[in-house]
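Participant: What follows is each chain in one-letter form.
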Amino acid sequence: MRSALSEQQFPQYPAPVAIQPAPAPEHAHHPWLQHHFDNMEQQAEASTLGMWVFLSTEILFFGGLFMAYLVYRHASPEGFQEASHELNRFWGTTNTLVLICSSLTMALAVRAAQTGQSRKTQVGWLLGTMVFGVGFLGIKAIEYYDKFVHHHVPGPYFHWEGMYPKPAEQFYSLYFAMTGLHALHMIIGLGIMAVIAVMAWRGIFDEEYYTPVEVAGLYWHFVDIVWIFLFPLLYLIGGHFKG
Amino acid sequence: MDTTATPTLNYLNNGHGLKSWLLTRDHKRIALLYLWSVTAFFFLGGFFALMIRLELLTPASDLVQPDTYNKLFTMHGIVMVFFFLIPSIPATLGNFLIPIMIGAKDLAFPRINLLSWYIYILGGLFTITAALTGGVDTGWTFYAPYSTTASNSNVILAGLGIFITGFSSILTGLNFIVTVHRMRAPGLTWFRLPLFVWSHYATSLIMILGTPVIAITVLLVAVERGLHLGIFDPALGGDPVLFQHLFWFYSHPAVYIMILPAMGVVSELVQAFARKNIFGYAFVAFSSLAIAIIGFLVWGHHLFVSGQSTYAGLVFSIISMFVAIPSAVKVFNWTATLYKGSVSWDSPMLYAFGFIGLFTIGGLTGLFLATLGMDIHMHDTYFIIAHFHYVMVGGAIFGFLGGLHYWWPKITGRMYPEGWAKFACLNIFIGFNLTFGPQFIVGYLGMPRRYAMYAPEFQVWNVLSTAGATILGIGYLIPMVYFTWSIFKGEIASANPWGARGLEWEIPSPPPTENFLVTPIVTHGTHQYAPSHEVGIV
Chain G
92 MRSALSEQQF
102 PQYPAPVAIQ
112 PAPAPEHAHH
122 PWLQHHFDNM
132 EQQAEASTLG
142 MWVFLSTEIL
152 FFGGLFMAYL
162 VYRHASPEGF
172 QEASHELNRF
182 WGTTNTLVLI
192 CSSLTMALAV
202 RAAQTGQSRK
212 TQVGWLLGTM
222 VFGVGFLGIK
232 AIEYYDKFVH
242 HHVPGPYFHW
252 EGMYPKPAEQ
262 FYSLYFAMTG
272 LHALHMIIGL
282 GIMAVIAVMA
292 WRGIFDEEYY
302 TPVEVAGLYW
312 HFVDIVWIFL
322 FPLLYLIGGH
332 FKG
Chain U
810 MDTTATPTLN
820 YLNNGHGLKS
830 WLLTRDHKRI
840 ALLYLWSVTA
850 FFFLGGFFAL
860 MIRLELLTPA
870 SDLVQPDTYN
880 KLFTMHGIVM
890 VFFFLIPSIP
900 ATLGNFLIPI
910 MIGAKDLAFP
920 RINLLSWYIY
930 ILGGLFTITA
940 ALTGGVDTGW
950 TFYAPYSTTA
960 SNSNVILAGL
970 GIFITGFSSI
980 LTGLNFIVTV
990 HRMRAPGLTW
1000 FRLPLFVWSH
1010 YATSLIMILG
1020 TPVIAITVLL
1030 VAVERGLHLG
1040 IFDPALGGDP
1050 VLFQHLFWFY
1060 SHPAVYIMIL
1070 PAMGVVSELV
1080 QAFARKNIFG
1090 YAFVAFSSLA
1100 IAIIGFLVWG
1110 HHLFVSGQST
1120 YAGLVFSIIS
1130 MFVAIPSAVK
1140 VFNWTATLYK
1150 GSVSWDSPML
1160 YAFGFIGLFT
1170 IGGLTGLFLA
1180 TLGMDIHMHD
1190 TYFIIAHFHY
1200 VMVGGAIFGF
1210 LGGLHYWWPK
1220 ITGRMYPEGW
1230 AKFACLNIFI
1240 GFNLTFGPQF
1250 IVGYLGMPRR
1260 YAMYAPEFQV
1270 WNVLSTAGAT
1280 ILGIGYLIPM
1290 VYFTWSIFKG
1300 EIASANPWGA
1310 RGLEWEIPSP
1320 PPTENFLVTP
1330 IVTHGTHQYA
1340 PSHEVGIV
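Residue numbers (this note's numbering), protein chains in the order written: chain G, 92 to 334; chain U, 810 to 1347.
It is worth saying that the hints were derived from the structure and are not from the lab.
What you are looking at is a predicted structure, and each value in this text was computed from that prediction instead of being measured.
Be careful, since some hints might not be right.
[Said to hold, decoys possible] Partner residues are not named here, just some residues of chain G that face chain U (Cβ under 10 Å, in silico): (1) 129; (2) 133; (3) 242; (4) 246; (5) 257; (6) 265.
[As the list claims (entries may be wrong)] Estimated spans, in silico, between C-beta atoms of each pair: (7) U:827 to G:180: 51 to 59 Å; (8) U:1035 to G:298: 45 to 53 Å; (9) G:209 to U:1035: 44 to 52 Å; (10) G:222 to U:931: 54 to 62 Å; (11) U:856 to G:279: 31 to 39 Å.
Glycine residues also receive a C-beta, built at the ideal position from the N, C-alpha and C atoms.
Isolated chain G, as found in the complex (with noise of 0.2 Å):
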């Protein structure tokens, strides 16, 4: 064996390391306190820290089609204007209402698991939360019938009347690609609220760990973020050349 060799020629300098023990524990362990973390804190700000990670991926995967709708509207705006304008603007704007809603619900579900509040307080805001959510997803889902019965759904039957029937259709490709996205983070929040909610009937939520309560409240606060900058884009720019 090689180490009894290379000892005698290099002589070891002190360790690098000391392994000592850590201090003891001050007080008793949290019941959801996982055996790999030292204390809770550590635990809480490895969550939150995986999420805004995990958030800024999500960023990026959305980047790739705010990309796609930067380069086609340089290339046609007109084009996009005129497609834009079919899209419901009473729809859009009273779902951009909900879905703030549903933000202020979160942050209030965030704080009464944060204060220790009852757990019916925090499944209530929680509740709520996903009342706004499935309200969102109803109407997108009348949106989308409307654009379907008026054959504004690209492929072989996408019909068209105005001036330019080509980027109309590269406008609803894109508008189906990022709001379909968009649901899909919204029916995955619903479920996330769905599992949350459950663990605060439990009553697991209190001062000393309400870490899942605030991790799915960034999660759901940043879903509500990409709508904020998909409604302006979707619906409002260049409305006011016509109508």
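Starting from the known structure of chain G, arrange chain U on it as the hints suggest.
Facilitator: Only chain U this time, still in chain G's reference frame:
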């Protein structure tokens, strides 16, 4: 000799049966799950490679039809890039070592770590299904509009396989970043981190920032094929060049996902086997970050002949050359570390030397290709095949095998036969150079890539290349045999068989389930081969 008494309970024998492995949350066991699966994918991809080389033995397409040949090189590329090269070092050695090297009991999210392995396997099953049910013929780059409209092969299935596997990569990177930020032992400051950890940190940045972009890109290809949304296909009003931009925004940095972890391994090996501290620790650490960042700004050099503006080509050409600076910093600092070191020629060190040589060749030929005018001559020839195999394959495999040999005693608690290991290393080195060396020449002479047939005057180089591939293939099989042998019959390894430094060598081999019975308190840099006042490292 062995000062650390080998405990009877370690991560390998703490729990038996299939269930204890498939439901484990121990980062070390998950690393081994990955090790088996990437090895399986490696030999699958190697099988496709061997078929390609056999077909190219003669100028005519006599072994397989051109259509089958297209599917072979596509599957070779997909399997090797997405299922071997990208996860190889991070998911196996990184998973195993990062928590230990920073004095943590596990990664920050053990369940997500296990989930990422399952996602990887699911993505792999999609891709294998695509291969078994007719294959894909688009090339691993899925260039639109061929992939969205013209090809009638399993593009959607293979694309979904890559999409799913991407999440595995994202979750691994996320786990590493959070772990390095939040789980370091007391006293382990950023500038006491081993360089292996630094390189994985930089790799993780690329994984989390690049992977989502290719995920949305292949998803768009899939919906364009399935639902006729017009994003990339010009017939539907789309722009195929946009596809290339989005694709290479990930796939160029992906090269650094493959090479940076290998550089981290080499930094460890050079220190351990030259018995010296790395020359210019901070430079080596920051060069990893610099490569990661600059790597995101150079994707356009894949589009020199795609019709992008000359001005854009010029800018991408210049930025591409900047990558050479941090790369050269690493090579020069390894060389400076070796200078007046007490170098011992153990097999991991041979792989490190092999890496430095192959990476230098691959990197320098990269400068040829980054030069706008030269690239137009050599675009889509075998020169570029040789170049990226030297960097990606030579780099990743030599780093992977070197690291695997170095940490094998720690992972399994057994030594491998050193003579066989040296023989295998030599075999792989010769086989590799004989395979890809001639391809530089034949590519420079003008042989294009991706054709089953070629002009007869290129045959001599192709025969050499196929001969090299045979040697290389045998070389890869030898470690398989002696590693398997050593698990059962190998000499029992001590806690620190190389006399190396680092937290991983201060715990028993194989490590106990919780890595450290008590949390270590780190008092100086973890890799010190000389007193700290002599090297100026805190």
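Participant: Each hint needs a verdict: does it hold in this structure or not?
Facilitator: Results of checking the hints against the structure:
Of the supplied interface hints, the one on residue 129 (chain G) holds, with its beta-carbon coming within about 7 Å of a beta-carbon of chain U, less than 10 Å. This hint holds: residue 133 (chain G) has a C-beta 6 Å from the nearest C-beta of chain U, less than the 10 Å allowed. Against a cut-off of 10 Å between C-beta atoms, the interface hint on residue 242 (chain G) is violated, since the closest Cβ of chain U lies about 13 Å away. With 10 Å as the threshold, the beta carbon of residue 246 (chain G) comes within range of chain U, its nearest partner Cβ sitting at about 4 Å, so the hint holds.
Because the smallest distance between the Cβ of residue 257 (chain G) and any Cβ of chain U comes to about 4 Å, under 10 Å, the interface hint for this residue holds. Checking residue 265 (chain G) against chain U by beta carbon gives a least distance of about 7 Å; that is within 10 Å, so the hint holds. Between residue 827 (chain U) and residue 180 (chain G) the beta carbon distance is about 58 Å. The supplied range of 51 to 59 Å therefore holds. Between residue 1035 (chain U) and residue 298 (chain G), the C-beta spacing of about 49 Å keeps the proposed range 45 to 53 Å intact.
Checked against the given bound of 44 to 52 Å, the beta carbons of residue 209 (chain G) and residue 1035 (chain U), roughly 48 Å apart, stay inside it. Restraint check, residue 222 (chain G) to residue 931 (chain U): a C-beta distance of roughly 33 Å breaks the suggested window 54 to 62 Å. The supplied range of 31 to 39 Å is met by residue 856 (chain U) and residue 279 (chain G), whose beta-carbon atoms lie about 38 Å from each other.
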